[in-house]
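Enquirer: Spelled out, the chains give:
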Amino acid sequence: MQFIHPIQEIVRTGVFICHCGSNIAGIVDCRSLTKYCLTLPGVVHATDNLYTCSEAGIRQIMEAIKNNDLNRVVVASCSPRTHQPLFQSACKEAGLNPYLFEMVNIREQCSWVHAKDLEGANKKSRDLVRMGVAKASFLKPMIEIESSLVPAALVIGGGVAGLSAATAMAGMGLRVFLVEKEPQPGGLLNNLYSLASEYQQPCVHHLSEPEYQSSCTLQHFSSEHQSSVRHYIDDLIKQTETNPDITVYTSSQILSVTGYIGNFEFIAKRDIKRDAVQNNIEHVAVQNRSQDIVARNNVIAKADIESYLKENTERIRQKVGCIIVATGAVPYQPDKEFGYNGSTVITQMELERSFLDNTFKSDRVVMIQCVGSRTSGREYCSKICCMTAVKNAMVIKQKKPDSEIHILYRDMQMYGVENEKMLWDARGAGIRFYVYNEKEPPVVENGVVGFYDPLMGEFKQISCDLTVLSTPLTPSKESGCLAKIMKLPVDHDGFFLEAHAKLRPLDFSADGIFVCGSARYPATSMEARAEGLGAASRAASVLFRERLVKSAIVAKIDSETCVMCEDCLKICPFEAITRNPEKMVCQINPILCKGCGCCAAACPSQSVTLAGFEHQQLFAQIRAIN
Amino acid sequence: MDVGRHPNIRLLAFSELESLEGELGNFDITIRKKARYVDENRCTGCGECAEKCPTTLMDPFNLGFGESKAVYRYFAQGIPSAYTIDAANCRHLQPGKKCGICAKVCQAKAVDYTQKDQIINLNAGAVVVATGYDLFDASRICEYGYGRIEDVITSLELERLLSASGPTGGHLYRPSVLAMKKGLAVLEKRRDRLKKRLDKSTEFTRVRAEHNNKSDFTRFRTENNNKSDKNNSSKSEKKNNDKSEKSAAQILEYEKIAAEYEKIAAEYEKIEAECEKVADKIEKSSHARRIAFIQCVGSRDIRFNRHCSTFCCMHSIKEAMIAIEHDKESEVSVFGMDIRAVGKGFEQYRNRGQKQSGIRFVRSRVAEITQTEDGCPVLWYEETMDRKVKSLTVDLAVLATACQPSRGSEVLAGILGVEINESGYFRSGTLQPQDTTREGVFICGCAKGPADIPESVAQASGAAARAAQALLQQIGQPV
Chain A
0 MQFIHPIQEI VRTGVFICHC GSNIAGIVDC RSLTKYCLTL PGVVHATDNL YTCSEAGIRQ
60 IMEAIKNNDL NRVVVASCSP RTHQPLFQSA CKEAGLNPYL FEMVNIREQC SWVHAKDLEG
120 ANKKSRDLVR MGVAKASFLK PMIEIESSLV PAALVIGGGV AGLSAATAMA GMGLRVFLVE
180 KEPQPGGLLN NLYSLASEYQ QPCVHHLSEP EYQSSCTLQH FSSEHQSSVR HYIDDLIKQT
240 ETNPDITVYT SSQILSVTGY IGNFEFIAKR DIKRDAVQNN IEHVAVQNRS QDIVARNNVI
300 AKADIESYLK ENTERIRQKV GCIIVATGAV PYQPDKEFGY NGSTVITQME LERSFLDNTF
360 KSDRVVMIQC VGSRTSGREY CSKICCMTAV KNAMVIKQKK PDSEIHILYR DMQMYGVENE
420 KMLWDARGAG IRFYVYNEKE PPVVENGVVG FYDPLMGEFK QISCDLTVLS TPLTPSKESG
480 CLAKIMKLPV DHDGFFLEAH AKLRPLDFSA DGIFVCGSAR YPATSMEARA EGLGAASRAA
540 SVLFRERLVK SAIVAKIDSE TCVMCEDCLK ICPFEAITRN PEKMVCQINP ILCKGCGCCA
600 AACPSQSVTL AGFEHQQLFA QIRAIN
Chain X
0 MDVGRHPNIR LLAFSELESL EGELGNFDIT IRKKARYVDE NRCTGCGECA EKCPTTLMDP
60 FNLGFGESKA VYRYFAQGIP SAYTIDAANC RHLQPGKKCG ICAKVCQAKA VDYTQKDQII
120 NLNAGAVVVA TGYDLFDASR ICEYGYGRIE DVITSLELER LLSASGPTGG HLYRPSVLAM
180 KKGLAVLEKR RDRLKKRLDK STEFTRVRAE HNNKSDFTRF RTENNNKSDK NNSSKSEKKN
240 NDKSEKSAAQ ILEYEKIAAE YEKIAAEYEK IEAECEKVAD KIEKSSHARR IAFIQCVGSR
300 DIRFNRHCST FCCMHSIKEA MIAIEHDKES EVSVFGMDIR AVGKGFEQYR NRGQKQSGIR
360 FVRSRVAEIT QTEDGCPVLW YEETMDRKVK SLTVDLAVLA TACQPSRGSE VLAGILGVEI
420 NESGYFRSGT LQPQDTTREG VFICGCAKGP ADIPESVAQA SGAAARAAQA LLQQIGQPV
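Top line first, the protein sequences correspond to chains A and X. Counting in numbering that gives the first Met the number 0, the first sequence runs from 0 upward without gaps. Counting in numbering that gives the first Met the number 0, the second sequence runs from 0 upward without gaps.
No wet-lab data here; the hints were simulated from the structure. Be a bit skeptical, because a hint or two may be false.
As the list claims (entries may be wrong) - Straight-line distance between alpha carbons at most 30 angstroms, and here's what the computed DSSO-like set of lysine-lysine pairs gives: (1) Lys180/X - Lys115/A; (2) Lys283/X - Lys34/A; (3) Lys180/X - Lys501/A; (4) Lys51/X - Lys115/A; (5) Lys438/A - Lys180/X; (6) Lys283/X - Lys438/A; (7) Lys115/A - Lys317/X; (8) Lys97/X - Lys115/A.
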């Protein structure tokens with residue numbers, strides 16, 4: 000971090016008041032606020048406009064800086080979270096150091112919350128602007144922090160999402176390390192008999208109804224699904240394993256991740272024995288290979304990791320610039336719900352397994368949806384179970400056209416073009432659908448499924464020789480461990496929590512770490528692939544930079560006054576603070592620091608200063624209240 | 000804004016693709032940049048032109064609830080912020096009329112009536128198609144009465160009504176009330192005009208009274224004059240006679256005018272009564288409290304689109320919750336066959352809507368919408384869980400219209416040389432979801448099929464990855 004020492008200068012502040020359409024101007028009298036600003040100390044220019052964030056508004060700021068020789072800019076508008084970077088870049092473009100910019104929020108903090116108190120809202124907006132102007136006078140120009148980066152990525156999880164991400168990045172010429180906990184990559188797809196997409200014929204619009212019906216018959220379905228899903232995943236694995244830029248570590252798990260965007264370091268352990276047994280590789284060969292890897296990766300032994308290393312494990316240590324989390328999810332295993340026994344009452348996964356093993360024999364099948372999901376304990380909808388059930392029903396129909404299949408559901412979640420089409424086709428193929436009520440769930444007893452059918456207003460009993468429970472995908476235990484190791488946030492259900500539900504679905508709020516596939520939320524193989532590619536693109540947009548630039552708003556500890564009480568160290572949510580026992584002080588890594596200011600507030604000796612929020616600046620702001 | 004300001008992105012708004020030749024790594028692209036009649040580089044977006052423009056049009060962004068001018072900006076935060084002249088409706092650009100006001104008031108001298116469409120040739124290595132979707136035209140389902148019953152609207156229209164920066168400032172007025180308000184404004188304008196004329200009439204009465212007095216006085220004086228001055232010249236007598244004749248004529252005319260004023264007064268009273276009546280009606284019915292959302296309008300329907308539009312269940316729930324936030328007394332029902340709350344946190348959101356906001360979910364497909372005598376929509380439906388045919392009278396019925404391939408997709412597909420699928424969306428690979436049928440042309444978002452925001456965003460990143468991968472591999476290959 001570097002400060003440019005402020006030259007003794009006369010403060011010339013420009014204030015820009017945004018109407019935000021009627022969002023602000025509807026409550027706050029922007030004209031008189033603008034006039035009021037001109038009475039504040041240091042303010043030489045004040046203006047209001049309809050949308051300061053619009054192109055015209057930005058241009059006004061830039062022109063005002065040049066024409067009025069402004070050396071401080073204050074914008075009173077919405078949240079700095081969304082618009083500060085924009086205004087700062089406008090300042091920069093006009094030749095003003097972007098850290099000489101201050102933003103005041105008179106929308107969320109005035110016009111929206113005090114919409115019913117006109118006078119109060121106006122008074123508060125004057126107070127806030129006055130405070131902002133006072134703080135701005137003490138702002139100092141600063142320079143952004145630059146750091147180097149390693150143009151390589153770590154992908155955790157070798158399912159369809161992880162494999163897609165790895166191949167896409169390697170395809171761009173980036174170095175990729177893929178860590179998979181199982182001896183074989185492929186994830187859940189390894190256990191599947193077929194993909195729903197194989198049953199999704201193109202939707203035919205121009206056909207009349209009878210023609211449409213006939214087009215729904217099963218003759219169109221290929222008889223070799225098994226090979227096609229296998230082929231798909233094998234192809235992806237082959238692409239990954241043969242790519243010289245990708246190193247795949249199977250039977251491996253992440254032990255630790257340290258560092259920050261551009262410069263992460265991870266340590267993983269690899270169970271060589273398990274890997275060898277599963278992959279039928281001779282032990283000696285493995286040892287040779289592992290030595291090879293050890294030599295290549297330049298692994299250095301370290302005492303605290305050593306404890307993890309037992310006879311048959313190997314440790315992997317690599318440096319990467321970005322990390323993609325693609326740890327997937329696991330199907331929920333019922334515990335005697337609906338009479339689950341693993342033989343006559345099974346899950347969809349077990350049904351797929353019986354297809355693969357060719358042990359499927361039943362003629363009359365009942366499928367029950369939402370087993371363990373959309374209930375009080377697990378509120379979310381797993382979204383893929385409906386299409387899985389319909390697809391498997393189609394598989395059974397194809398194997399045994401005379402079989403009776405009943406699907407008991409609450410809402411058929413067949414969203415989109417292809418899924419809805421498959422639902423139509425399933426109905427056309429004679430698969431029966433019944434609604435059941437969440438409050439009166441079906442009862443499975445001795446091969447008979449009894450339930451209340453609200454559409455007919457009667458209790459129904461269907462005898463069957465197989466009951467299949469559609470269970471949701473749930474976050475795996477390993478994902479939970481990884482979240483702890485990497486300090487990543489998870490949501491209420493245990494899935495990884497992205498930075499923004501709508502606009503940043505593949506980013507974590509921590510820079511340089513991305514998420515894709517079912518680790519974020521249950522996804523179909525196609526969605527997982529799209530997200531894997533997307534995460535690759537997000538990571539590549541970081542890794543292709545020559546160096547990283549980050550905000551200068553970071554905390555700094557004054558080593559003269561620090562007594563190493565470690566209050567800051569305990570409170571830091573980003574693990575950016577370490578102790579330096581030699582000097583008996585705490586230190587902050589400016590790259591890891593996100594400028595949250597917790598440490599500055601916690602420090603009892605005021606040794607921590609947060610750039611852009613220095614004591615002098617904040618006290619000026621507070622004093623301006625009165 | 001991020002796109003508009005990014006140094007590596009050149010944004011060509013108001014432009015269309017004309018042709019695409021070549022192959023991955025080397026596409027020759029021709030783009031028609033349509034004439035705005037405003038110089039983008041000069042326009043500051045001040046809006047003076049639109050303020051002074053005499054042609055008022057329906058505002059397409061606010062779906063007809065607001066007004067815009069023949070020189071317009073589609074919406075306030077648009078990029079670039081330059082204005083555009085609607086050539087089809089501009090007085091100056093249409094033959095026969097002279098206007099040119101916008102050019103006169105523009106201080107930046109940005110208005111250029113002679114601007115022509117511009118052809119831009121570009122060379123690019125890869126193409127990403129993100130042309131989105133169009134909404135189903137709800138008037139095609141005649142039994143729902145969209146376009147006929149004023150208070151049957153689409154979700155997008157409701158979105159404008161709920162928007163704080165929208166035409167109603169976020170107040171959920173019923174469209175019928177808005178129409179009445181519009182009518183009232185016209186009536187009031189007429190009333191005010193009459194009022195002004197009536198105000199003149201009081202002035203007139205005063206003048207007339209004065210005149211009458213004056214003429215009496217003149218007559219009196221003339222008579223006196225006649226008496227006192229017998230040598231009065233015939234000339235002056237004649238003059239006086241003329242005068243009295245003139246004033247007589249004037250009186251007659253005054254009377255005529257007075258009669259007319261009486262007529263105006265009567266009309267004024269009539270209009271004022273009407274105004275009061277309408278105002279009273281508006282006051283009684285202003286906000287929409289009873290709201291019904293109707294799902295699958297044009298989707299999951301063999302007559303129109305068989306597909307499910309994916310996102311309508313969620314936006315209906317969202318709009319319902321916002322409406323309830325506006326007015327706690329609102330009674331909101333959502334009519335759907337399946338409520339497809341499929342996405343991260345969606346089911347929880349739906350449950351919150353049901354339990355906390357009190358949204359009633361009715362498992363039903365609405366058969367028909369009729370109208371009560373006072374214009375309220377009436378929904379006729381079978382409540383499938385009760386097996387009963389019921390009706391529900393509401394203030395506002397909102398149609399969740401289907402997501403459809405955007406108009407012109409077929410033409411665009413022809414230019415791009417890619418296939419579209421049987422549903423009309425661009426065809427993509429099952430195993431390569433971001434690829435089209437032509438190498439180097441990639442696809443994302445609703446152009447590929449209905450998708451919600453996070454999915455579209457993820458797909459967009461995916462398409463970028465595929466494009467980057469393809470291009471970087473090209474570069475890597477020896478020529």
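Enquirer: Compare the structure with the hints numbered earlier in the document and write down the numbers of the violated ones, lowest to highest.
Expert: 2, 3, 4, 5, 6 and 8
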